[in-house]
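Chemist: One-letter residues, chain by chain:
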Amino acid sequence: MSEGPRAEHMIEAVLLVSAAPVGTSDLSSATGLPKPELESALASLQERYSPETSGIVLRNVAGGYQLTTNPGCAAAVERFREESRPTPLSNAAHEVLACALYLGPLSRGAISRVRGVNSDAVVRNLLERGLLVEVGTDREAPGSPALLGVTDEFLAATGSSTSDDFPPLASLVSPEELSRVRDRLASASAPPEDAGEST
Amino acid sequence: MTFEPQGRSLADFTVELDVYSGPYEWLLALILKDELEIFEIPLRELVESYVGARERDPAGGGLERDTDFAGSASALVLLKSRTLSPALDPDAEGDEDETLSPQELAERLTEYLKIRRAAEHLRARFAANAGHHPSSHTLPPRPGRLRIRPDRVSLAARRAFSRLIDPPVRHLGPITVTLQELAGMIRTALVTGPISYEVLTRRMDRLNRAVAFAAALSLAQEGALTLTQTEPLGPLILEPTALEPTAMEPSA
Chain W
1 MSEGPRAEHM
11 IEAVLLVSAA
21 PVGTSDLSSA
31 TGLPKPELES
41 ALASLQERYS
51 PETSGIVLRN
61 VAGGYQLTTN
71 PGCAAAVERF
81 REESRPTPLS
91 NAAHEVLACA
101 LYLGPLSRGA
111 ISRVRGVNSD
121 AVVRNLLERG
131 LLVEVGTDRE
141 APGSPALLGV
151 TDEFLAATGS
161 STSDDFPPLA
171 SLVSPEELSR
181 VRDRLASASA
191 PPEDAGEST
Chain U
1001 MTFEPQGRSL
1011 ADFTVELDVY
1021 SGPYEWLLAL
1031 ILKDELEIFE
1041 IPLRELVESY
1051 VGARERDPAG
1061 GGLERDTDFA
1071 GSASALVLLK
1081 SRTLSPALDP
1091 DAEGDEDETL
1101 SPQELAERLT
1111 EYLKIRRAAE
1121 HLRARFAANA
1131 GHHPSSHTLP
1141 PRPGRLRIRP
1151 DRVSLAARRA
1161 FSRLIDPPVR
1171 HLGPITVTLQ
1181 ELAGMIRTAL
1191 VTGPISYEVL
1201 TRRMDRLNRA
1211 VAFAAALSLA
1221 QEGALTLTQT
1231 EPLGPLILEP
1241 TALEPTAMEP
1251 SA
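As they're listed, the protein sequences go chains W and U.
Each residue of the first sequence is one higher than the one before, counting from 1 in my numbering.
Each residue of the second sequence is one higher than the one before, counting from 1001 in my numbering.
No lab work stands behind these hints: they were computed from the structure.
Quick reminder that beta carbons are idealized off the backbone N, C-alpha and C, glycines included.
One or more hints might be untrue.
[Unchecked claim] Label-pair distances were calculated between CB atoms; the ranges are:
{"hint": "1", "chain 1": "U", "residue 1": "Ser1196", "chain 2": "W", "residue 2": "Asp120", "range": "53 to 59 angstroms"}
{"hint": "2", "chain 1": "U", "residue 1": "Leu1233", "chain 2": "W", "residue 2": "Glu82", "range": "51 to 57 angstroms"}
{"hint": "3", "chain 1": "U", "residue 1": "Glu1055", "chain 2": "W", "residue 2": "Asp164", "range": "29 to 35 angstroms"}
{"hint": "4", "chain 1": "W", "residue 1": "Asn60", "chain 2": "U", "residue 2": "Val1169", "range": "49 to 55 angstroms"}
{"hint": "5", "chain 1": "W", "residue 1": "Leu103", "chain 2": "U", "residue 2": "Glu1048", "range": "34 to 40 angstroms"}
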């Protein structure tokens, strides 16, 4: 009597035919594996498909699991596919994404307000690249502007499973830097009478 | 982008930014790196330094770099003017005309500083995770898995079949002025010689001021007058040209 395919094999097969990360519930329903066995098999696969041992790696990103090529082999893959890596994002684009990730979902106007400069063009570029998406509308604001949030593509591109994988915003800046900015502005709260002339 | 020291006020600092992300980035760079008093930022010299840097490296960035610079510089001028003049425009309406106290600016800058650091963190995460190519197999649509939510279907149906509500426009009021009327008024005013735009529009409301400006531009384009502004943001002078019939000497 022949045995059925092993759990790892079924998971491998399902992941191979999916470009997007596959969640554990979808993996479980596709393979018929109970959750404990599924998790055990995934742990085993992550060892097998680690960057040190394989040209394919198993990643836990965007709320699911995904087989991708090893970044160490990226040059060969890109030569074969005759494609170049996307242009790196600008500082402005990273700022807009940070706004959407940490303060979002929020409107274009709110993003521009945080950054102090119009961000419409940057937002449009990020929407086209699939890193931002409209997740709703702000019905309280005039004109009911669209609210923007980050996408699963963003999570995958940053190697994150969920938005909670990012460090808290407050931990990214030192208290010394914050107090330095406040002190500088506080000391300037009484501008000299001729201060405007330098503009 | 590098600003090398030039002139008196810029002699002690250098600002290096790859791309300007906005005026807050600029201010933070000045505050955190150069300890410069923000109310004394010599914008004119900063612009001259930028132009100098641009001439030394004409191929470095091109139009995009210039646009970034112009956008950030104008936003910084606006920001600075609002900060320095809390009562700049008592008739201001909405966020576009809001004023900023130094305390509010400090809050904005500290919030922006956090976002700036978060952006740097994201940049590192993008770089560390670059080069992963997923499978090219895109799953076909799976309509059997679509969930139908009656409440959302009902909402969509209501929206689709409901009559659109006309937006309220009563606040707009009737249009009471035309370009021709104000062009005529400008021609009349120019009979006595040059006049400043500020004097011309002193008693006008916003709509009339805007239309008067458009009328002045139109007349300047026709050659009926010349617009002169000797310094940036200085008085705008309307001068009759020699060909303007209303400004000519009356014939004997």
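Chemist: Honestly, which of those hints from before does the structure not fit?
Modeler: Violated hints: 1, 3; rest satisfied.
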